[in-house]
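S.K.: Protein chains in written order, with our numbering: chain A, 67 to 508; chain B, 67 to 508.
Hints are computed from structural coordinates only; laboratory data are not their basis. Be aware that a few hints might be false.
[Claimed, not checked] Each computed EDC-like pair below joins lysine to aspartate or glutamate, with the alpha-carbon atoms no more than 16 angstroms apart:
hint: 1; chain 1: B; residue 1: K78; chain 2: B; residue 2: D400
hint: 2; chain 1: B; residue 1: K157; chain 2: A; residue 2: D295
hint: 3; chain 1: A; residue 1: K483; chain 2: A; residue 2: D460
hint: 4; chain 1: A; residue 1: K291; chain 2: A; residue 2: E337
hint: 5; chain 1: B; residue 1: K157; chain 2: A; residue 2: E167
hint: 6; chain 1: A; residue 1: K365; chain 2: A; residue 2: D193
hint: 7; chain 1: A; residue 1: K118; chain 2: B; residue 2: E134
hint: 8; chain 1: A; residue 1: K157; chain 2: B; residue 2: E167
hint: 9; chain 1: A; residue 1: K455; chain 2: A; residue 2: D400
hint: 10; chain 1: B; residue 1: K118; chain 2: A; residue 2: E134
hint: 11; chain 1: A; residue 1: K257; chain 2: A; residue 2: D295
hint: 12; chain 1: B; residue 1: K78; chain 2: B; residue 2: D399
hint: 13; chain 1: A; residue 1: K157; chain 2: B; residue 2: D164
[Unchecked claim] Simulated coverage check for chain A against chain B, where a stretch passes if three residues somewhere in it have a Cβ under 8 angstroms from a Cβ of chain B:
hint: 14; region: 125-135
hint: 15; region: 180-194
hint: 16; region: 197-205
hint: 17; region: 279-285
hint: 18; region: 351-358
None of these values were measured; they are calculated from a predicted model. C-beta: ideal position from N, C-alpha, C; glycine also.
2 protein chains.
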Amino acid sequence: MHLSRYFLPILKETPKEAEIVSHRLMLRAGMIRQETAGIYAWLPMGLRVLRKIEQIVREEQNRAGAQELLMPTVQPADLWRESGRYDAYGKEMLRITDRHEREMLFGPTNEEMVTDIFRASVKSYRDLPLNLYHIQWKFRDEVRPRFGVMRGREFLMKDAYSFDLDKESARHAYNRMFVAYLRTFARMGLKAIPMRADTGPIGGDMSHEFIILASTGESEVFCDKAILDLPIPGEDTDFTADLSPVITDWTTPYAATDEMHDTAAFEAVPEAERMSARGIEVGHIFYFGTKYSEPMNAKVTGPDGAEVPVHMGSYGVGVSRLLGAIIEAHHDDDGIVWPASVAPFHVGIINLKPGDAATDAACADLEAQLAKAGLDVLVDDVDSRAGAKFATMDLIGLPYQLIVGPRGLKDGVVEVKARASGERATLSPQEAVNRLIGELSS
Amino acid sequence: MHLSRYFLPILKETPKEAEIVSHRLMLRAGMIRQETAGIYAWLPMGLRVLRKIEQIVREEQNRAGAQELLMPTVQPADLWRESGRYDAYGKEMLRITDRHEREMLFGPTNEEMVTDIFRASVKSYRDLPLNLYHIQWKFRDEVRPRFGVMRGREFLMKDAYSFDLDKESARHAYNRMFVAYLRTFARMGLKAIPMRADTGPIGGDMSHEFIILASTGESEVFCDKAILDLPIPGEDTDFTADLSPVITDWTTPYAATDEMHDTAAFEAVPEAERMSARGIEVGHIFYFGTKYSEPMNAKVTGPDGAEVPVHMGSYGVGVSRLLGAIIEAHHDDDGIVWPASVAPFHVGIINLKPGDAATDAACADLEAQLAKAGLDVLVDDVDSRAGAKFATMDLIGLPYQLIVGPRGLKDGVVEVKARASGERATLSPQEAVNRLIGELSS
């Protein structure tokens with residue numbers, strides 16, 4: 067992609083309405099535009115990151131044995147009457163009346179609908195376990211939307227729903243998602259800490275929030291630092307095996323949100339190991355047993371021939387919110403510092419003299435070689451001064467910059483800059499390509 | 067993917083509510099489930115096809131120089147007041163009031179919002195031409211939703227919007243989308259005929275519908291058969307070049323919908339070449355000049371320093387509707403016959419004796435080899451009789467079936483069946499793999 071033709075409306079001024087750094091940087095870097103309170107359009111560069119995050123979430127859900135479907139955004143109110151939540155949900159639910167005066171709503175979550183899909187076709191324990199997920203836009207009519215995509219009204223969420231014959235198998239389904247979440251967030255360069263959580267309006271008696279530490283976080287969290295050094299389960303994890311040892315490792319060190327905080331237990335942690343900080347919730351998993359399957363009559367025939375309501379859990383990841391969370395964790399004074407796994411482009415080639423035949427040719431050749439290796443490349447071919455180019459490239463935060471100018475080329479060299487460390491290396495074009503491919507292909 | 071673990075709720079009965087074959091087959095093949103009138107959940111196999119169609123649309127939009135962004139589903143009413151369409155749009159628009167009594171709507175289309183995004187950041191003719199598109203769920207509150215995803219209320223649409231300095235460049239933008247559409251539909255195995263069309267509530271004075279012929283089509287169309295044999299522009303089309311010769315080729319033979327039909331012109335076509343048929347609209351392109359840019363003040367500074375409103379066009383593809391249209395064009399008495407480019411899986415391996423060690427091992431090996439070559443494979447490992455397996459595989463319509471049983475394996479052979487032609491070949495497992503990779507990899 068060439069910057070001269072790319073729709074990337076960089077803002078020079080810092081937008082006043084943005085209270086936190088991720089919101090500021092997303093606006094300045096031309097990633098999003100607010101259309102009305104808490105509702106954003108995703109401009110091309112923002113959308114690229116959103117899709118990369120979504121794809122990591124998808125891959126880890128599939129790896130853990132969940133199956134993707136897609137439920138609609140608009141739901142009939144009647145389904146929510148069956149569970150009893152239509153009246154209970156309150157003003158956060160966006161209620162809609164259609165032209166025939168039928169009551170509908172813009173889904174804030176999908177327990178009811180997925181239970182309806184399940185009961186229509188699954189009748190036997192032989193078809194269990196089952197975990198269905200989708201990645202879909204949801205709406206919650208927050209009374210005071212703020213912090214950009216961190217607390218928007220229309221937001222993209224991955225929500226998975228597990229169905230099992232009994233509590234024991236449901237616990238295994240829960241553990242699978244627990245491990246999938248550890249892997250998901252780690253792949254995005256986040257240290258997410260699972261914390262025992264309140265179950266709120268979803269209900270149920272087993273629940274963890276996955277929280278990343280950031281000074282702008284909305285909740286206060288307390289943990290034993292030991293949890294920060296635990297190893298992330300590998301790509302070769304066998305999700306059919308017993309995962310409870312992993313869960314035990316991750317739930318033994320103290321970690322709790324404000325709501326669930328137990329001062330005595332926290333003070334039992336050696337003082338040097340105690341940490342209290344602000345946190346951002348990026349995932350939430352619940353086991354809620356038969357809370358929906360009973361009223362909605364989602365039953366299967368068990369091995370003994372008796373009908374029993376299925377045990378369910380639900381598992382959310384705030385996909386669009388993750389962009390904000392990642393930026394909160396990865397930025398500096400100059401702008402965003404994307405982890406390579408979610409960066410909109412891997413490399414930004416800075417052409418210091420567009421129009422100079424040798425420089426243009428060198429940039430085109432470097433771009434072609436990197437693209438051939440499967441890397442996403444943005445070429446700054448805009449006719450502006452070097453300082454502005456460097457500032458833009460630092461602001462948008464691509465992992466590597468490849469700086470190409472006529473003077474360097476005369477000496478047979480280009481410059482590679484790593485955005486995170488600021489390290490620079492002067493290399494021949496071929497060495498630079500090899501270095502970047504080595505660092506970024508995986 | 068193994069059928070024993072795949073959420074594929076095949077219906078044995080033909081659903082009574084389905085009036086047309088594509089709706090019946092999508093329900094029977096477990097691709098969709100209706101949640102309420104005109105609103106569907108996409109079950110795993112339906113979603114796979116939807117994503118493949120979406121990806122073809124995306125690739126051809128990108129090839130033609132359009133840039134992807136993503137606008138939200140919910141829009142503020144004020145934007146539509148600026149264009150004057152808020153009151154004009156009528157009952158098809160799903161109007162919403164939020165908790166603060168602000169008027170909003172579930173977007174049926176995005177001319178206003180994209181114009182707002184444009185005017186906020188583009189100020190000079192130097193940033194033109196620009197074409198922005200998104201692939202997003204829309205809502206139109208049809209008075210009588212029917213025909214499954216062909217006329218649903220919540221539907222997935224690709225809508226692109228072009229911005230140009232003057233009518234001449236806007237015509238070039240229009241031609242680019244015209245060519246992109248020819249390529250898009252051809253890649254899905256559809257013969258889509260561009261027909262001069264009425265511009266309806268979008269407005270403007272240049273418009274084509276892309277129509278595929280199907281006996282269940284909603285509109286009557288008339289054309290010169292010559293148009294069916296025109297060559298589709300190649301992958302190497304230069305979208306910066308003058309595309310008007312292609313447009314002339316495709317608009318010279320007579321082709322019109324009922325609304326635009328000119329009996330005299332049609333009768334000038336030699337009788338043997340005249341064709342009248344039913345058609346399904348799968349795409350619609352419009353040029354509408356300054357209809358939105360004037361009232362919404364979307365202006366750029368031209369080369370002479372004067373501010374002028376931009377010339378715009380919009381370009382829609384009914385992504386979810388295409389599933390129905392493709393099935394209408396590709397099915398037989400036994401079920402769906404997917405073109406390989408959009409098939410949910412390329413190959414279905416039928417294990418005739420699950421549990422038999424040699425057969426299971428052969429299926430696993432074939433699956434691994436095909437997957438390694440990048441093919442999507444569904445293995446029927448369910449313990450049921452052969453007849454039921456064949457019927458299911460024919461119903462879901464994967465391009466190739468690979469039939470593996472203990473008797474054949476004893477003789478060192480498996481069977482390959484092509485779904486479309488019904489042709490069968492008895493081959494060694496290795497020959498079968500080579501044949502399938504040869505037919506399907508491209």
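S.K.: For every hint, state whether the structure bears it out.
M.R.: Against the structure, the hints:
1. K78(B) with D400(B): 13 angstroms, holds
2. K157(B) with D295(A): With Cα atoms ~58 angstroms apart, K157(B) and D295(A) exceed 16 angstroms; violated.
3. K483(A) with D460(A): 10 angstroms, holds
4. K291(A) with E337(A): 10 angstroms, holds
5. K157(B) with E167(A): Holds, at roughly 12 angstroms.
6. K365(A) with D193(A): 12 angstroms, holds
7. K118(A) with E134(B): 14 angstroms, holds
8. K157(A) with E167(B): Between K157(A) and E167(B) the Cα gap is close to 12 angstroms, so the pair holds against 16 angstroms.
9. K455(A) with D400(A): 13 angstroms, holds
10. K118(B) with E134(A): Given pair K118(B), E134(A) holds - Cα atoms ~14 angstroms apart, limit 16 angstroms.
11. K257(A) with D295(A): 9 angstroms, holds
12. K78(B) with D399(B): Holds - the C-alpha atoms of D399(B) and K78(B) are around 15 angstroms apart, at most 16 angstroms.
13. K157(A) with D164(B): Holds, at about 9 angstroms.
14. 125-135: holds (count 4)
15. 180-194: It holds, with 5 qualifying residues against the three required.
16. 197-205: As far as the region 197-205 of chain A goes, the hint holds, because 3 residues have Cβ atoms under 8 angstroms from chain B.
17. 279-285: violated (count 0)
18. 351-358: violated (count 0)
Of the numbered hints given earlier, the model fails hints 2, 17 and 18; all others are met.
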